[in-house]
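S.K.: Here's the letter readout for the chains.
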Amino acid sequence: MSDTSHTAPATWRNGALIRLRQITRVYQEGSLEVLALRGVDLDVAEGEFSALAGPSGSGKTTLLNIIGVLDHPSSGRVEVAGQDIGRLTKGDAADFRLDNVGFIFQAYNLVPVLTAYENAEFTLLLRGVPVAERKERVMPLLDKVGLADMKDRKPHELSGGQQQRIAVVRALATQPAIVLADEPTANLDSDTSAGLLDLMLELNQELKTTFLFSTHDPVVIQRARRVIRLLDGRVTGTEAIAAD
Amino acid sequence: MISAKIGFRNLARNRWRSGLTLGGIALSVAFMVWILGFMEGWMGTMVQGATAVETGQVQIHTRAYADNPRVYRSFPTSTEVLRTIADVDGVVAVSPRVKLNGLIGHEEKSQVGRILGVDPSMESETTPVSSAIEEGRWLQQSPPVYPAPREVVLGAGMANQLRVGPGDELVVFVEAADGSMGNDLLEVVGVVRTANTAVDRMTAYMHIEDARYLAALEGEAHELAIKTERLLEAQATAGLIASALGAETRGVPRESGETDANAPPVPELEEGDPDALLVRPWQEILPSIYQMLTISKSSNWVTYLLIYIVAAIGLLNTQRMSALERKREFGVLMAIGMRPRKMFRMILTESVVLGTLGGFIGTALGLSVVWYHATAGLDLAMFTDKGEFTVMGVAFTGKIYAILTPVAALQPILVMMAVAFLAGLWPAVKSARLDPAPTIAGRQ
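Just so you know, the protein sequences line up as chains A and B, in that order.
For the first sequence, my numbering begins at 1 and goes up steadily by one.
For the second sequence, my numbering begins at 1 and goes up steadily by one.
Quick caveat, the hints were computed from the structure, so don't treat them as lab data.
Where is the CB? At the ideal position from N, CA and C, for every residue including glycine.
It is possible that some hints are incorrect.
Using C-beta positions, here's what the derived DEER-type ranges look like [unchecked claim]:
1. B:V310 / A:Q83: 49 to 57 angstroms
2. B:R345 / A:G237: 42 to 50 angstroms
3. A:Q83 / B:N14: 39 to 47 angstroms
4. A:G237 / B:F8: 49 to 57 angstroms
5. B:D435 / A:E46: 23 to 31 angstroms
Generate coordinates for the entire structure from the input sequences, incorporating the hints supplied.
M.R.: Spelled out as structure tokens, the structure:
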């Protein structure tokens with residue numbers, strides 16, 4: 001099923017967790033102005049498992065960065081859970097991310113000197129959660145991703161897929177409202193990618209966490225419940241995909 | 001806590017670089033620990049050498065004598081006065097002295113010298129002169145009966161100059177307090193070598209009664225030399241003595257470490273009373289030594305600057321390189337919710353961890369060397385062709401023993417921690433200002 005409107009289906013409109021209106025992002029590269037986003041309107045409802053699909057340079061990462069307050073839009077309004085996050089200060093933006101957003105990166109980006117467990121609990125540490133509660137939250141997730149017995153390994157002692165699963169635990173440990181994943185499977189082989197997507201989908205259904213991930217891999221796109229297509233900084237369409 | 005953990009573990013990331021930086025920091029701290037311990041020992045030896053044999057730590061003269069020493073500017077000494085001084089808290093011993101200048105020699109050679117009339121046992125308790133006898137013996141407690149020659153103990157330099165030794169006879173001529181010339185026949189009974197050039201080259205010790213007779217100073221003395229329990233508290237002790245005697249004291253500005261806060265107020269004397277007694281600590285009597293001590297302490301900070309600036313540059317370079325290499329990691333940490341302020345603290349913690357760890361290693365190393373030089377000593381004389389060297393009238397012929405003080409043990413590491421903090425500021429500020437998105441993308 002395909003929908004040419006750029007906003008979410010009618011059932012989500014009133015309760016959108018993420019609401020973008022006329023978002024533009026212009027980068028200055030020397031004397032050149034690069035238009036990364038050109039008036040994006042987008043609603044994402046709570047509990048979605050959606051993919052931002054499009055070729056390189058289509059604006060996927062920029063859009064994720066703006067939703068995650070890693071970047072500010074040049075114009076337009078960004079709301080997450082009703083809060084305008086377009087102009088937060090650096091410190092407030094960090095707090096917002098810590099409280100509301102989990103990040104999964106293409107290159108895993110674990111802290112190399114910390115163990116798998118320490119990486120997984122890092123965001124909880126930043127929030128000042130006591131040690132017992134951290135353990136209570138992290139261990140079931142490590143168990144869930146099948147890495148409880150590897151919790152004391154350093155990132156370089158884990159495979160790419162294992163590192164990415166630790167990154168998923170790190171993103172989910174604080175029980176954020178949104179998990180933003182930028183090309184999470186780009187560095188993984190197809191089997192590992194499929195396993196990771198299954199895991200993310202399972203966590204999405206179990207924890208009701210909203211997942212929004214960017215990808216240009218057709219296999220990954222097929223696993224999303226909704227696909228938002230981007231091209232040249234514009235949303236060109238959204239598709240809802242029925243569950244298997 | 002997590003900042004310190006990351007800091008410690010990052011040290012192991014690039015072992016060579018961390019090792020070299022730690023080594024540089026450790027050596028800098030070790031050197032400063034050693035230099036403070038050694039200087040404490042050297043300065044202590046110098047002050048001890050200057051005060052122990054010649055002046056004592058506190059002296060009493062008449063005000064007139066202190067301003068312009070003349071043979072007639074003496075004061076009466078009684079057993080009561082000496083006992084009053086000996087009873088003052090901090091006083092170990094007191095020795096009355098008659099100080100005369102004159103010509104001393106024999107038919108072939110003569111020399112202008114300083115004749116010090118002393119009570120043999122009181123002088124022995126106040127200064128270590130009697131234990132510095134190189135040849136012969138110290139003065140007998142009672143002077144020989146006339147017409148036997150008067151006993152004299154010569155400084156080694158003077159004995160060498162006059163080419164005399166124990167058993168030889170000398171003649172002395174001095175100006176007496178009544179304006180006449182006093183002279184007497186002396187017999188050398190001993191030769192002393194004290195490491196104090198003023199004593200060794202210029203001084204002849206006689207019994208105080210012989211000196212009084214020679215200079216017509218019955219029952220009088222020019223000086224009371226006092227040995228105190230603690231060198232640095234001489235000023236406080238001088239105040240207490242002055243108070244006990246109702247005398248005047250003259251001190252120098254207090255220094256930290258000198259505990260004279262409990263000294264009672266000193267009574268004011270009538271202005272211009274030349275016979276008033278003046279009690280002075282060694283800092284006032286030997287201002288050049290005291291100034292050198294003060295300058296030495298100040299110069300430690302110059303040494304800190306020179307040594308630590310090199311360590312700081314190494315530390316700064318390491319931290320900056322590390323921050324540059326881990327930029328992406330920092331971007332990720334900020335992306336997942338680390339506030340810039342926390343990032344700033346983390347980088348600063350790493351710098352302080354490095355400085356502190358190097359400081360501990362350096363302190364341990366420095367203390368080991370100081371301990372060795374405190375027990376075995378360091379023979380600086382071996383670096384001179386004469387086998388001895390003289391600084392401000394104190395001859396250093398033996399070993400210098402370092403002194404381990406709390407300042408030497410703690411100050412270098414604390415200063416290094418402060419330096420590490422300062423060296424970490426720039427990389428910490430740069431890292432805290434990173435924008436996560438472009439940093440992760442490698443655009444910043």
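S.K.: Hint by hint, which ones does the structure fall short of?
M.R.: none
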